Amino acid sequence: MASVAEVKAAIDAAMLHVQEGQDAVRSANDRLGEAQLSLATAVEGSGHEAVTAAQAALAQAASELEECLTATLHAVEQAESYVATL
Amino acid sequence: MSLVQDLADQLRVAREELPLPQVSAAAERLRSATGLLAWVLHHSATPVSVPDLSRAVERLDHAAAALRVAQDRLDEYALALGMPVDTHARHHEGWQSAVPAQAPRGEASGSADCRLADWWGERIAALTGEEFSASTLVGDRADAAQSSAELLRRCVQAAHDGDRRRLHRHLAAAGPAVGLGLAAIAPPLLRQLAADLVGYPPRLEDLARVRRAALPLPAELLPALPAEAAAEIVARVCHTTPQRTADRAPTHPVDAATAAALLVAALLRANGRSPDELNQIIEAERAAAGAAQQRAAERAEAHRAALRITDSGRRRSAVDELGRVTQPTRRRSGG
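For the record, the sequence lines run as chains A and B.
Just so you know, we're using the numbering used here here: the first sequence kicks off at 1 and counts up by one.
Just so you know, we're using the numbering used here here: the second sequence kicks off at 1 and counts up by one.
No lab work stands behind these hints: they were computed from the structure.
All values derive from a computational prediction rather than experimental measurement.
Just to be clear, a hint being listed does not mean it is correct.
Claimed, not checked - What the simulated footprint calls covered on chain A by chain B, stretch by stretch (three residues with Cβ under 8 Å from a Cβ of chain B suffice, anywhere in the stretch; the number is not a length): (1) 12–26; (2) 75–86.
As the list claims (entries may be wrong) - Selected chain A positions facing chain B (Cβ under 8 Å, derived; list incomplete): (3) 7; (4) 32; (5) 35; (6) 44; (7) 45; (8) 60; (9) 65.
The C-beta atom is built at its ideal place from N, Cα and C for all residues, glycine as well.
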């Protein structure tokens, strides 16, 4: 059976990965914002269906990243509460 | 440069700025964390309280899919402008290089990450009797199996060759996220292989025969692997309850994953099949699972159809329908 110290160490390590994941998500979000800006500048005035679809997909991606970040923050809170009970 | 060329260039820049590598890196980190939390879950007295990352991983998958859709639409637009799109090169350029490098495990002594590597790698080393070496591990990680199915294939090959060292390197390099998945993907294959062995889905009466065919290989190849780990899996395959004394600790998750892979190798050999046939068996198992799902969906649909007879809304619709049918008749008789 795992000791409390082992479980805590595993959760600490997991949360370290989660924090790195959060950093990557934030970095992705920043880069996505730049890509949206570049695209908006490039295709200004275009009514092409593919352009509209691309912009909608990017907005969707931004929204998903935001929700992912929220979910990871919730997981970190859960982890803190769980460790406090050990 | 023409205006169209200039626009195509700007599109290319926007496309290259899409953060797929970062999303991929985030997904990799969350997968590693999920592997660890699975272990915690296994040892937890209150599994409900253990953090859950499934929603975050799902959102990342959706984000990656949306980014790929955006790439495809930008390619479509570039083609509409008459600019060629080198999709193959674009899909791969910078993908691997842009992924932030994972910190080598086992080097930063005292860090939490080191404890993670130690936990997985040391248990594998204890089971295989091989030496745990952080430097070898870093080298092996470059060629590590990226999925549990691939890891299973490599482990089965190593087990058939009787190569304990190769088995150790494959398992240690794969890490907990991929390695723990062995315990999840192996049981359906074991059931199928056991059915091939006895000629029908294995039952309690077949337990002794399946044990005779499956248990010697794990015991012979990895003497340090607790015998209960493999015995429990075989018992479940034959739909019996594993015998367990109250004072015995639960099976270590690494033991269960390793035993599952070796049992697949053992039953493959018992059926006279080679490791190369594993992919074929996995495909057959998936097809069978898909067909079973389809049959279940059809049964559920049939049940729903039967239930509709007693549904009050359905009865009202039938009455309305009846009214519509009888109305013209009344008009005709009135006229």
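Hints, verified against the model:
Note: the segment 12–26 of chain A has 12 residues with beta-carbon separation from chain B under 8 Å; the three-residue rule is met and the coverage holds. Check on the segment 75–86 of chain A: 7 of its residues sit with their Cβ under 8 Å from a Cβ of chain B, so the three-residue criterion for coverage holds. Residue-level restraint check for residue 7 of chain A holds (minimum Cβ-Cβ distance to chain B is 6 Å; threshold 8 Å). Checking residue 32 of chain A against chain B by beta carbon gives a least distance of about 5 Å; that is within 8 Å, so the hint holds.
Interface restraint check for residue 35 of chain A: the shortest CB-CB distance to chain B comes to about 4 Å, inside 8 Å, so the restraint holds. Proximity of residue 44 of chain A to chain B is violated relative to the hint, the smallest CB-CB distance being about 10 Å (cut-off 8 Å). The restraint placing residue 45 of chain A at the interface with chain B is violated, with a minimum CB-CB distance near 11 Å, outside the 8 Å limit. Look at residue 60 of chain A: its Cβ gets to within about 4 Å of chain B, closer than 8 Å, so that hint holds up.
With its C-beta approaching chain B no nearer than about 5 Å, residue 65 of chain A sits inside the 8 Å limit, and its interface hint holds.
Checked against the numbered hints given earlier, this structure breaks hints 6, 7; the rest are met.
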